[in-house]
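Residue numbers (my numbering), protein chains in the order written: chain B, 1 to 293; chain Y, 294 to 863.
Warning: the hint list may mix true and false statements.
To be verified - When the alpha-carbon atoms are kept at most 27 Å apart in a straight line, the in silico BS3-like pairs for lysine-lysine are as follows:
#1 Y:750 x Y:677
#2 Y:490 x Y:355
#3 B:292 x Y:831
#4 Y:466 x Y:379
#5 Y:688 x B:15
#6 Y:459 x Y:298
#7 B:280 x Y:677
#8 B:280 x Y:448
#9 Y:298 x Y:474
#10 Y:453 x Y:490
#11 B:280 x Y:744
#12 Y:490 x B:292
#13 Y:688 x Y:744
#14 Y:679 x B:271
#15 B:213 x B:148
#16 Y:757 x Y:688
#17 B:271 x Y:688
#18 B:47 x Y:466
#19 Y:679 x B:292
Said to hold, decoys possible - Just so you have them, the derived chain B footprint on chain Y, three or more residues with Cβ under 8 Å:
#20 534-541
#21 710-721
#22 756-769
Rather than coming from a laboratory, the hints here were simulated on the basis of the structure.
Cβ atoms here follow ideal geometry from the backbone N, Cα and C, with glycine treated the same way.
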Amino acid sequence: MNVQLPTGRELFEPKRPGSEDIAWCPGCGNFGIRNILISSLAELGLKPSQVAIISGIGQAAKMPHYINVNGYHTLHGRAIPIATGVKAANPELTVIAEGGDGDMYAEGGNHLLHAIRRNPDITVLIHDNQVYGLTKGQASPTTMKGMKTPTQPWGVFEEPFNPVALAVALDASFVARTFMGHFRESVEIIKRAIQHKGLAIVDILHPCVSFNKVNTYAWYREHTYWMEDGPLDREAAFRRALESDPLPLGVFYINEKPTFEEQVPAYWNDKRPLWQREPKLNLVERFFEETKG
Amino acid sequence: MGGFKDEVSIVLGGAAGQGIQTVEEILTHALKRSGYHVYANKEYMSRVRGGINTTEIRASSKPVRAFVKRIDILVPFKQGVLTWVKDRLSESTVVLGERENVEEDFLEKVNLVEVPLTKMALETGSQLYLNTTAAGLIIGLFHGDFEAIEEYIRKRFESKGENVVKKNIEAAKKGYELGVKLCEEGTIAVDVQRDEKAAGDVLLTGTEAVGIGALAGGMNFLSFYPMSPSTGVSTFAAQKAEEFEVVVEQVEDEISAINMALGAWYAGARAMVSTSGGGFALMSEALSLAGMAENPVVIHLAQRPGPATGLPTRTMQGDLNLVLYAGHGDFPRIILAPGSLEEAFYLTAEAFNLADRYQVPVIILTDQYFVDTYYNLPAPDVKKVKFERHIVEAKPGYRRYELTENGISPRAVPGYGEEVVIANGNEHDEWGDITEDAELTIKMQEKRAVKKLETIKRNAPLPKLIGKENAEYLVVSWGSTFQVVDEALEKLGSEKIAHIHFSWVYPLNSETKRFFGGKKVIAVENNVTGQFADLLWKELGVKADHRVLKYDGRPFSVEEVLDALKGVVE
Chain B
1 MNVQLPTGRE
11 LFEPKRPGSE
21 DIAWCPGCGN
31 FGIRNILISS
41 LAELGLKPSQ
51 VAIISGIGQA
61 AKMPHYINVN
71 GYHTLHGRAI
81 PIATGVKAAN
91 PELTVIAEGG
101 DGDMYAEGGN
111 HLLHAIRRNP
121 DITVLIHDNQ
131 VYGLTKGQAS
141 PTTMKGMKTP
151 TQPWGVFEEP
161 FNPVALAVAL
171 DASFVARTFM
181 GHFRESVEII
191 KRAIQHKGLA
201 IVDILHPCVS
211 FNKVNTYAWY
221 REHTYWMEDG
231 PLDREAAFRR
241 ALESDPLPLG
251 VFYINEKPTF
261 EEQVPAYWND
271 KRPLWQREPK
281 LNLVERFFEE
291 TKG
Chain Y
294 MGGFKDEVSI
304 VLGGAAGQGI
314 QTVEEILTHA
324 LKRSGYHVYA
334 NKEYMSRVRG
344 GINTTEIRAS
354 SKPVRAFVKR
364 IDILVPFKQG
374 VLTWVKDRLS
384 ESTVVLGERE
394 NVEEDFLEKV
404 NLVEVPLTKM
414 ALETGSQLYL
424 NTTAAGLIIG
434 LFHGDFEAIE
444 EYIRKRFESK
454 GENVVKKNIE
464 AAKKGYELGV
474 KLCEEGTIAV
484 DVQRDEKAAG
494 DVLLTGTEAV
504 GIGALAGGMN
514 FLSFYPMSPS
524 TGVSTFAAQK
534 AEEFEVVVEQ
544 VEDEISAINM
554 ALGAWYAGAR
564 AMVSTSGGGF
574 ALMSEALSLA
584 GMAENPVVIH
594 LAQRPGPATG
604 LPTRTMQGDL
614 NLVLYAGHGD
624 FPRIILAPGS
634 LEEAFYLTAE
644 AFNLADRYQV
654 PVIILTDQYF
664 VDTYYNLPAP
674 DVKKVKFERH
684 IVEAKPGYRR
694 YELTENGISP
704 RAVPGYGEEV
714 VIANGNEHDE
724 WGDITEDAEL
734 TIKMQEKRAV
744 KKLETIKRNA
754 PLPKLIGKEN
764 AEYLVVSWGS
774 TFQVVDEALE
784 KLGSEKIAHI
794 HFSWVYPLNS
804 ETKRFFGGKK
814 VIAVENNVTG
824 QFADLLWKEL
834 GVKADHRVLK
844 YDGRPFSVEE
854 VLDALKGVVE
């Protein structure tokens with residue numbers, strides 16, 4: 001691979017015991033995403049202690065063990081509310097919620113909808129390989145119709161979930177899609193997503209070499225194209241999001257709006273993270289004084 | 294006609310939406326300010342309009358903190374109230390109100406003192422003044438301080454404009470004058486001494502005691518999904534969020550609520566969720582994550598009768614087993630259940646220190662009865678609240694799950710120190726990375742479920758014993774039943790019975806067993822099986838000889854506990 005890697009990547013390589021043992025299959029798209037993410041963080045000049053990756057459960061969600069930043073490997077589907085809590089407790093952190101298509105669109109679907117409404121300043125990275133990996137090959141919400149799996153032997157008959165259209169429909173703050181096979185473009189998109197103030201959703205297409213024999217590297221190259229005109233206005237973005245073959249890649253939509261943390265009274269007058277604060281016992285005293293009346 | 298000495302139990306009954314709660318507020322505040330000890334509790338239906346809701350207010354020359362079945366004065370605001378409370382009426386009950394609100398069948402049987410409340414309200418200008426007229430009437434019976442009513446009305450209605458304030462004061466005055474007149478004519482005699490101390494007390498509800506306790510404990514984050522009867526605590530936090538600089542967020546479901554709180558704690562906040570049984574059931578997956586990741590969290594659970602939706606607005610101590618066993622896998626947790634408003638304040642504050650110190654879920658169990666109970670109490674001593682912070686700096690080489698003798702690893706938070714902090718819901722090594730190693734798995738299981746649990750147990754405070762150590766009988770209560778058992782035993786006045794109350798419910802210090810030696814044990818619980826009695830057997834090998842259980846969705850009354858204890862002892 002002939003790509004220019006940025007300096008500072010070394011900082012993000014974990015050196016804990018066993019860090020070299022990565023549980024992904026050889027050739028897995030997740031390696032590429034890890035590479036893209038490390039480059040993005042390095043190019044943004046972030047420090048590992050300033051970044052927190054909150055992941056759900058699945059192969060994608062193992063990322064906190066393979067990148068040297070703060071990490072919380074949590075529960076299936078729950079990365080978004082946990083990441084929201086982390087960001088709300090310490091807005092100084094760069095917070096990323098990460099997981100696969102099953103994690104974010106099935107088990108965590110409801111949280112995604114409401115996170116879009118709430119708009120915390122976090123980046124949601126979805127490793128979308130259109131299949132379940134860790135549980136071995138069942139259909140995911142984004143599996144294409146007709147694909148046969150061990151648990152859908154007659155072929156999937158559900159409509160695939162369209163995360164980009166959904167996010168635009170809900171007026172999400174930042175909506176993008178990329179294919180991890182395009183390194184430089186993906187780094188640029190993820191950097192923009194991290195820098196974006198507000199909830200940024202990036203659907204990252206990648207192949208599953210073990211369980212998805214339809215959506216391969218070659219398939220993604222043939223069935224995707226880069227938009228030249230994004231971000232678009234909401235209606236145009238929605239129309240574009242409905243295109244399914246080829247799938248458009250790029251930034252579909254950006255809507256700058258106040259974030260969750262900006263709006264909660266906890267930070268109106270005091271910008272310090274919550275861990276630095278102490279109980280306001282004088283106000284408790286005052287409450288009791290008032291309650292006497 | 295009716296004469297009441299030292300203490301009066303007044304019950305107001307009406308439809309949801311009729312404003313009974315306004316009367317309750319004015320009465321409790323004005324009576325307290327006048328120097329009477331007050332207690333109030335409401336029971337209400339799960340509806341917004343109609344039906345029948347009642348409020349009991351006890352006014353006394355001595356502190357009163359428990360529910361009594363007896364009704365001395367009943368004020369019905371609609372037909373049907375007398376039927377609803379018929380078991381609580383006696384020959385000495387005085388019904389104060391309008392004839393049309395008394396069902397035909399009762400007219401012959403009760404002492405009706407007719408007061409034209411509606412007419413009086415209309416004279417003031419509108420039916421809307423019915424509530425303040427009634428409040429004034431009752432304060433008048435006590436010859437209470439009219440200024441106290443005036444002051445409270447001013448505070449309560451200030452935002453609605455001067456005219457509303459003036460009219461309400463006028464309405465209260467009309468009621469007050471009639472109340473005074475009824476006493477002077479000898480129709481009703483209320484002889485309750487004032488106590489200066491009560492006037493200087495604070496008047497709190499269980500909801501407020503938990504809410505202000507949380508703020509005193511440094512709560513700076515609360516996420517919730519509304520559910521009766523727990524919502525009051527979240528409402529309280531939202532009302533105080535600006536002043537205390539708290540993140541308060543109503544979220545999509547209880548799953549999100551607790552996961553957000555876990556994230557907030559992971560990043561160093563002091564977070565709480567407030568919910569009821571059904572909501573907590575949804576949180577059990579995240580509770581298990583808290584156990585595995587050793588992620589502190591504080592949970593307030595206001596119990597209501599289950600299973601499922603059960604009786605949404607009524608009371609039960611039925612979720613002890615739920616919180617004891619919720620969550621897959623073995624991990625320690627702390628369960629607290631305050632017995633008084635003072636305990637609700639101190640224990641809720643302390644819950645945050647405990648969660649921080651032991652890195653476990655700390656559950657505060659209250660119930661509908663407890664959160665909706667009001668009484669006056671001396672202002673809690675805020676200086677007694679100690680703020681502990683157990684956060685360490687993440688220095689190079691930091692290990693989040695370092696194996697230690699007492700099972701507690703130093704907890705760092707992201708962004709404080711140069712090193713990163715890895716938390717994990719998978720089994721993990723000391724650094725927080727996934728492991729499948731058998732030996733390490735054993736060490737980590739034992740760290741959490743044995744060593745840490747033992748550390749918590751060893752440091753667990755002992756229950757409170759009231760009465761003689763060598764009494765023949767020991768009455769066991771936990772949580773909200775403390776005050777009712779306490780008053781029943783005071784009334785019983787028998788040296789044969791002592792009372793032991795658990796506000797630290799789990800895990801129990803093994804020293805607790807010594808209180809039970811050679812005694813006949815009577816467990817009093819507001820549930821159908823005696824869940825705490827079962828826990829005593831499991832944890833300490835203490836067997837309850839008698840179980841006094843109540844499970845109709847209503848709280849115990851002093852009379853019921855007294856009768857039950859008499860039945861056992863005599």
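Okay, the hints, checked on the actual structure:
no.: 1; hint: Y:750 x Y:677; in the structure: holds (23 Å)
no.: 2; hint: Y:490 x Y:355; in the structure: holds (10 Å)
no.: 3; hint: B:292 x Y:831; in the structure: violated (44 Å)
no.: 4; hint: Y:466 x Y:379; in the structure: violated (31 Å)
no.: 5; hint: Y:688 x B:15; in the structure: holds (15 Å)
no.: 6; hint: Y:459 x Y:298; in the structure: violated (33 Å)
no.: 7; hint: B:280 x Y:677; in the structure: holds (14 Å)
no.: 8; hint: B:280 x Y:448; in the structure: holds (25 Å)
no.: 9; hint: Y:298 x Y:474; in the structure: holds (18 Å)
no.: 10; hint: Y:453 x Y:490; in the structure: violated (32 Å)
no.: 11; hint: B:280 x Y:744; in the structure: violated (34 Å)
no.: 12; hint: Y:490 x B:292; in the structure: holds (11 Å)
no.: 13; hint: Y:688 x Y:744; in the structure: holds (25 Å)
no.: 14; hint: Y:679 x B:271; in the structure: holds (25 Å)
no.: 15; hint: B:213 x B:148; in the structure: holds (10 Å)
no.: 16; hint: Y:757 x Y:688; in the structure: violated (43 Å)
no.: 17; hint: B:271 x Y:688; in the structure: holds (24 Å)
no.: 18; hint: B:47 x Y:466; in the structure: violated (69 Å)
no.: 19; hint: Y:679 x B:292; in the structure: holds (23 Å)
no.: 20; hint: 534-541; in the structure: holds (count 8)
no.: 21; hint: 710-721; in the structure: holds (count 10)
no.: 22; hint: 756-769; in the structure: violated (count 0)
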